[in-house]
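Throw the hints in and build the complete structure from the sequences for me.
Chains as they are written, first to last, in our numbering: chain A, 1 to 115; chain B, 1 to 121.
Wrong hints could be hidden among the right ones.
As a list, the in silico DMTMM-like pairs of lysine to aspartate or glutamate whose alpha-carbon atoms are at most 25 angstroms apart [unchecked claim]:
#, chain 1, residue 1, chain 2, residue 2
1, A, K102, A, E88
2, A, K49, B, D56
3, A, K102, B, D86
4, A, K112, B, D74
5, B, K83, B, E97
6, A, K49, B, E97
7, A, K112, A, D54
8, B, K44, B, D74
9, A, K102, B, E85
10, B, K71, B, E85
11, A, K68, A, E114
12, A, K102, B, D57
13, B, K44, B, E14
14, B, K11, B, D57
15, B, K44, B, E68
16, A, K49, A, E88
17, B, K15, B, D63
18, B, K44, B, D57
19, B, K71, B, E14
20, B, K11, A, E88
21, A, K68, A, D8
22, A, K102, B, D74
23, B, K11, B, D86
24, A, K102, B, D56
25, A, K61, B, E109
26, B, K44, A, D85
27, A, K102, B, E109
28, B, K62, B, D74
29, A, K68, B, D63
30, A, K102, B, E68
31, A, K102, B, E14
32, A, K49, A, E20
33, B, K83, B, E109
34, A, K49, B, E109
35, B, K44, A, E88
36, A, K102, A, E66
37, B, K44, A, E15
38, A, K49, A, D8
39, A, K112, A, D8
Derived by calculation from the structure, the hints in this document are not laboratory data.
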Amino acid sequence: AQSVTQPDIHITVSEGASLELRCNYSYGATPYLFWYVQSPGQGLQLLLKYFSGDTLVQGIKGFEAEFKRSQSSFNLRKPSVHWSDAAEYFCAVGPWMGGGNKLTFGTGTQLKVEL
Amino acid sequence: EAGVAQSPRYKIIEKRQSVAFWCNPISGHATLYWYQQILGQGPKLLIQFQNNGVVDDSQLPKDRFSAERLKGVDSTLKIQPAKLEDSAVYLCASSLESSWGVGGRDHYEQYFGPGTRLTVT
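Here is the structure:
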């Protein structure tokens, strides 16, 4: 069964500082990986996705993520955080090849940005 | 392009009552998903429709939850009777397709609505 672990429940960074959010996955084959952001009272917005190819993927809002197969990781990074980045971030794995489009989400990391 | 619409946005009910949530996906999206997001957890898929057929309902508590998508467009999720542990945000999402290889991988992308926050007292 596929699973996702986000080891950091809460992270606080200062505005302008760099950010890295960790994500580890368990999947039997080549995973499809996603990062979503959820602002208070809002639905989930896709930041970026990895299917294959270049292991460094660029997303919206200046975010990027690097797929490392050897470490089963897909960490999200941003070189300089803005106050508006404060939100909850979810890593997800899926879909299954050959069946459906089920996303399995991690438990999320709450990002707080100090001004 | 209009996004995924959900209503109501908030609902408070007492345990053992019934409740229904409505979702209107993005126009043209064949696949519709209902997720349950309990506080402090990531979203969990409850049910997935492809047009008006069910693809996956393995995590739907069928003794109390039901969902339908009769005309392959709008969908309704119902809980009857509600329990305290059903307090959560119910998210609806849609995508163009659900089978990869049909239309390309970008057709997988799921677009989420704002959710319905349910409180059961």
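Results of checking the hints against the structure:
no.	hint	in the structure
1	A:K102 to A:E88	holds, 21 angstroms
2	A:K49 to B:D56	holds, 23 angstroms
3	A:K102 to B:D86	holds, 21 angstroms
4	A:K112 to B:D74	violated, 36 angstroms
5	B:K83 to B:E97	violated, 33 angstroms
6	A:K49 to B:E97	holds, 17 angstroms
7	A:K112 to A:D54	violated, 30 angstroms
8	B:K44 to B:D74	holds, 20 angstroms
9	A:K102 to B:E85	holds, 23 angstroms
10	B:K71 to B:E85	violated, 31 angstroms
11	A:K68 to A:E114	violated, 30 angstroms
12	A:K102 to B:D57	holds, 11 angstroms
13	B:K44 to B:E14	holds, 23 angstroms
14	B:K11 to B:D57	holds, 24 angstroms
15	B:K44 to B:E68	holds, 18 angstroms
16	A:K49 to A:E88	holds, 17 angstroms
17	B:K15 to B:D63	holds, 15 angstroms
18	B:K44 to B:D57	holds, 11 angstroms
19	B:K71 to B:E14	violated, 31 angstroms
20	B:K11 to A:E88	holds, 22 angstroms
21	A:K68 to A:D8	holds, 18 angstroms
22	A:K102 to B:D74	holds, 20 angstroms
23	B:K11 to B:D86	holds, 12 angstroms
24	A:K102 to B:D56	holds, 8 angstroms
25	A:K61 to B:E109	holds, 18 angstroms
26	B:K44 to A:D85	holds, 24 angstroms
27	A:K102 to B:E109	holds, 11 angstroms
28	B:K62 to B:D74	holds, 20 angstroms
29	A:K68 to B:D63	violated, 42 angstroms
30	A:K102 to B:E68	holds, 18 angstroms
31	A:K102 to B:E14	violated, 31 angstroms
32	A:K49 to A:E20	holds, 16 angstroms
33	B:K83 to B:E109	violated, 32 angstroms
34	A:K49 to B:E109	holds, 9 angstroms
35	B:K44 to A:E88	holds, 16 angstroms
36	A:K102 to A:E66	holds, 22 angstroms
37	B:K44 to A:E15	violated, 32 angstroms
38	A:K49 to A:D8	holds, 20 angstroms
39	A:K112 to A:D8	holds, 12 angstroms
Violated hints for the displayed structure, listed by number in ascending order: 4, 5, 7, 10, 11, 19, 29, 31, 33, 37.
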